[in-house]
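**Q** Chains C and V supply the protein sequences, listed in that same order. The first sequence begins at 1 in this note's numbering and counts up one residue at a time. The second sequence begins at 461 in this note's numbering and counts up one residue at a time.
Treat each hint with caution, since some may be false.
[What the hints assert, rightly or not] Quick list of in silico lysine to aspartate or glutamate cross-link-like pairs, EDC-like style, CA-CA up to 20 Å:
| id | chain 1 | residue 1 | chain 2 | residue 2 |
| --- | --- | --- | --- | --- |
| 1 | V | K473 | V | D619 |
| 2 | V | K674 | C | E374 |
| 3 | C | K412 | C | E269 |
| 4 | V | K642 | V | D619 |
| 5 | V | K597 | V | D573 |
| 6 | V | K597 | C | E371 |
| 7 | V | K674 | V | E540 |
| 8 | C | K17 | C | D41 |
| 9 | C | K246 | C | E269 |
| 10 | V | K642 | V | E658 |
| 11 | V | K597 | V | D678 |
| 12 | V | K473 | V | E612 |
| 13 | V | K674 | V | E690 |
| 14 | V | K674 | C | D370 |
| 15 | V | K674 | C | E371 |
| 16 | V | K597 | V | E540 |
| 17 | V | K597 | C | D138 |
| 18 | V | K597 | C | E374 |
Hints were generated in silico from the structure; no laboratory data involved. Bear in mind that the values here come from a model prediction, so they are computed numbers and not experimental data.
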Amino acid sequence: MRMSDLLESVAVPHVVKGDVVEGAADHHDAGGMSFHTPRLDLDRLVWTRAEPLPLADTNVDEIVQVLAAAGEHLRDDADGLLRAALDLLCRTSPYERRILENSYAELWRVFDADRMRAMVAGELGGAAALDGWVRHPDGGSVRAYPSRIIHVLAGNAPSVAALSVVRGALSKGVHLLKLPSNDLLTATTIVRAISAVAPGHPVARSFSAVYWRGGDDAVEGALCRPQYFDKLIAWGGERAIANAAKYVGPGFELISFDPKNSISMIGEEVFESDAALRSAAAAAAIDATPYNQEACIASRFQFVEGTVEQVDRFCAQLALELAAERPLTSAIVDPPPRDVRDEIDALAGLEPMYRVFGQFDGRGLVIRSDEPVEFSPSGKVVNVVRVPSLTAALAHVNVSTQTVGVFPAARKAALRDALAAAGAQRLVPLGMAAGGGPAGLPHDGFYPLHRMMRWISDQD
Amino acid sequence: MTDVRHHLLEATKPGSAASLDAEELARLRLLAADERLQEQRRTIPVLDTRASEAGVSAITDVHDLVPLLFAHSVYKSYPESFVLNGRWDRLSVWLDTVSTHTAAAVDVAGVGDVDAWIEQLRRGGVFVMASSGTSGKCSFLPLNGADMAFLESRLAITDRAACPISFLGPSEAPMRVAYSFKAMARAFGRPGAVHALEEPLRLSEQIEIAALRKAMADGTARPSEVARFEAEATRRTAEREAAVTALLDAVLCHRGEPQVIFGGWGMHWRLLEVARERGIGDGTFHPGTFVNFAGGLKGVSVPDDYEAQIFAFYGAVQRRVGYGMSELSGSFVRCPHGVYHWPQWIVPLVLDEAGETLLDAGADGRVRGRVAAYDPAWDGIWGGVVSGDQATVDFGGCACGQPGATVTDIVRYCDLSAAGDDKLTCGGTIDAYIRGVVGT
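Working from the sequences, and respecting the hints, build out all of it.
**A** Written out as structure tokens, the structure is:
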């Protein structure tokens with residue numbers, strides 16, 4: 001850390017029910033950052049059950065319009081707030097500025113009106129149950145009623161905050177966003193954009209975004225109660241989820257975006273031609289490297305069908321491809337930590353049982369083995385596991401396996417039932433792990449918007 | 461042994477008449493480190509790889525050492541499948557990548573489990589020191605005969621009239637403390653009054669835990685297997701309880717005469733508890749008693765002031781409180797000022813948390829960070845190691861008058877991170893919540 005960072009305390013504003021609150025009453029040191037925030041007023045962070053929710057009488061069309069306008073506001077960033085969030089993130093983020101710029105440049109697309117409508121259609125079958133009571137074909141009515149939700153955000157990608165706000169607004173609930181210490185400004189900036197385009201609008205009044213230290217029982221113990229909130233959405237680390245879980249009880253539910261890993265499955269077809277090998281290795285490298293392999297969608301283990309000689313050819317080509325700079329990947333990343341380097345060196349000493357391609361120069365490294373290594377590969381390190389057939393890889397799939405990239409894509413159909421049974425949640429053609437696909441698909445095995453609702457029935 | 465190393469190790473031997481000033485010590489330690497690098501990079505493959513990658517061909521400055529240090533985890537860098545599948549030949553090949561040994565030359569045909577593998581290597585002159593973490597994966601530190609001889613030359617106490625000696629743990633174990641205990645018992649243990657837990661430590665039990673965890677992660681473990689395993693662990697614990705109590709009673713029986721007691725804090729606390737159950741109060745031990753304290757609590761729950769209570773329980777005896785790590789040949793002994801003294805022959809290093817960058821001491825001579833060291837005493841392994849501990853190291857000397865660096869406020873990084881950090885990301889490692897926590 002630079003000395004200037006130590007000396008300079010960053011002002012982190014809060015947003016409470018759409019209003020910006022500034023102040024320096026509380027000082028924090030967290031996530032390698034020194035910053036100050038206004039004093040938390042816990043009473044103002046709850047929406048009492050005595051009053052109707054701000055969005056109770058607003059229809060989805062209007063919410064989509066407000067969000068879309070906020071998206072344009074973020075795209076243009078005339079007030080420079082998003083740039084300020086980016087600047088701050090650059091100070092603590094492990095990523096180079098170019099990657100963060102690319103990431104922020106795409107942020108507004110989350111607010112695309114067509115995507116949001118597709119999300120509502122895909123997850124809830126349309127806006128009807130959000131906007132009113134829907135007749136059940138066999139009698140009675142059903143409504144998707146909004147919830148009061150605390151969101152414990154993750155800070156590794158700004159899209160987490162954007163998606164949380166979009167889903168939150170579309171659900172018509174009220175939302176308390178807990179800022180992560182590794183991204184202190186993005187969520188507030190998004191909520192401020194809503195206030196900027198629609199001051200005092202119910203969408204704006206439905207959001208607060210504040211910081212407290214994660215795990216602070218004085219705050220979480222007071223807020224995480226069914227009297228105030230219905231659900232807690234937790235993103236990220238095992239510890240954060242475990243901490244959140246202790247507040248779960250009757251009337252207070254946990255929606256967890258668990259920590260996940262992703263893998264690739266590459267069939268013997270890859271060795272049918274040099275062109276196939278080259279294109280599959282490029283696609284495999286694209287899947288392995290988003291956010292320098294820190295993202296949950298980044299492939300860490302790649303199971304390849306073939307002989308040792310064939311798989312080694314794939315590894316060599318993959319190591320070359322890993323070196324490339326990509327929109328969300330640096331050409332050179334920090335080398336793996338010392339304990340992982342030691343472990344890889346030890347494996348290299350066991351050749352031919354294991355073989356290592358590449359160096360600890362941050363350009364990318366591939367370890368070929370007959371079974372997965374025991375550490376979690378990161379920082380452009382891929383473990384290529386040789387398998388006699390792709391079905392053998394199923395033994396290494398479990399509920400923490402999120403995305404599975406398959407080559408050739410035609411083999412997905414034969415694998416998908418077994419992958420689902422083993423615990424995996426998402427199949428993509430190899431190379432498409434970071435491709436969002438259409439809006440309204442499930443995430444981590446469930447429909448988030450659907451889970452955010454309370455489903456109420458009215459029987460005849 | 462080369463002249464520089466020999467001179468350094470002899471001159472820093474406790475009770476040595478030679479006195480080296482700080483500058484000369486530092487110079488000799490670096491010279492010894494360079495000598496070792498030149499010799500050992502020919503025989504330790506991982507060291508050679510590391511030196512080539514770092515472009516370090518000679519050690520002329522402490523900074524040259526930093527890229528050559530091994531993480532303490534290097535001694536468990538083997539693929540766990542070698543152990544779980546009983547590939548002892550492969551485990552021996554791995555051992556040779558992190559040491560100067562030729563373990564692979566030792567015939568391990570017919571070896572049935574990890575304990576037999578360690579025993580077979582011992583017969584072949586490779587002394588594997590093992591330790592296990594909560595994960596069940598063991599680390600294997602391979603020492604050779606010269607290393608064992610060095611350790612025996614630096615025992616905590618050597619010159620003493622025959623007396624009872626006890627180790628509050630298993631004396632048959634692939635652990636440094638067990639070897640040291642046996643050496644001391646041979647030197648001055650009174651026949652018939654040498655006590656320890658007799659049942660040998662079986663690493664195979666640890667391996668069973670690891671195997672079960674893997675089976676759980678793979679989804680192949682059946683609930684009944686998990687239940688049976690836990691019942692078995694409970695049964696073993698109960699069985700051992702009787703042996704532990706018998707051992708502690710033996711120690712208490714000798715408290716009216718001078719005796720020597722070695723043990724970890726957790727076991728000293730157990731001794732206190734048993735004594736209280738027997739109605740034995742504080743301060744009943746003979747003043748000629750020597751008590752060595754080391755290691756952790758090992759899961760024994762104690763009050764915050766356990767140390768003061770234990771000291772009061774023993775009363776006015778000779779105490780030696782040590783901090784050490786298995787990767788270093790000497791232990792850090794606490795002086796009356798409450799700080800641990802760095803063994804003189806070992807290069808003290810303090811790194812940043814990542815273990816990559818050497819930190820300089822502040823104006824007051826102190827610096828806090830990750831403890832690392834270079835130990836020229838080792839012959840069978842490379843002496844450069846980065847520990848898992850955070851501590852404050854004081855290069856400014858101690859009021860007690862002993863020269864050299866001191867260490868205080870030691871905490872394990874793995875305990876620190878448990879304190880929680882709200883720096884969240886969505887990418888995760890498959891960990892306890894899926895693997896399940898078994899047998900911890």
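**Q** In ascending order, which of the hints set out earlier in this document are inconsistent with the structure?
**A** The structure breaks hints 9, 17; every other hint is satisfied.
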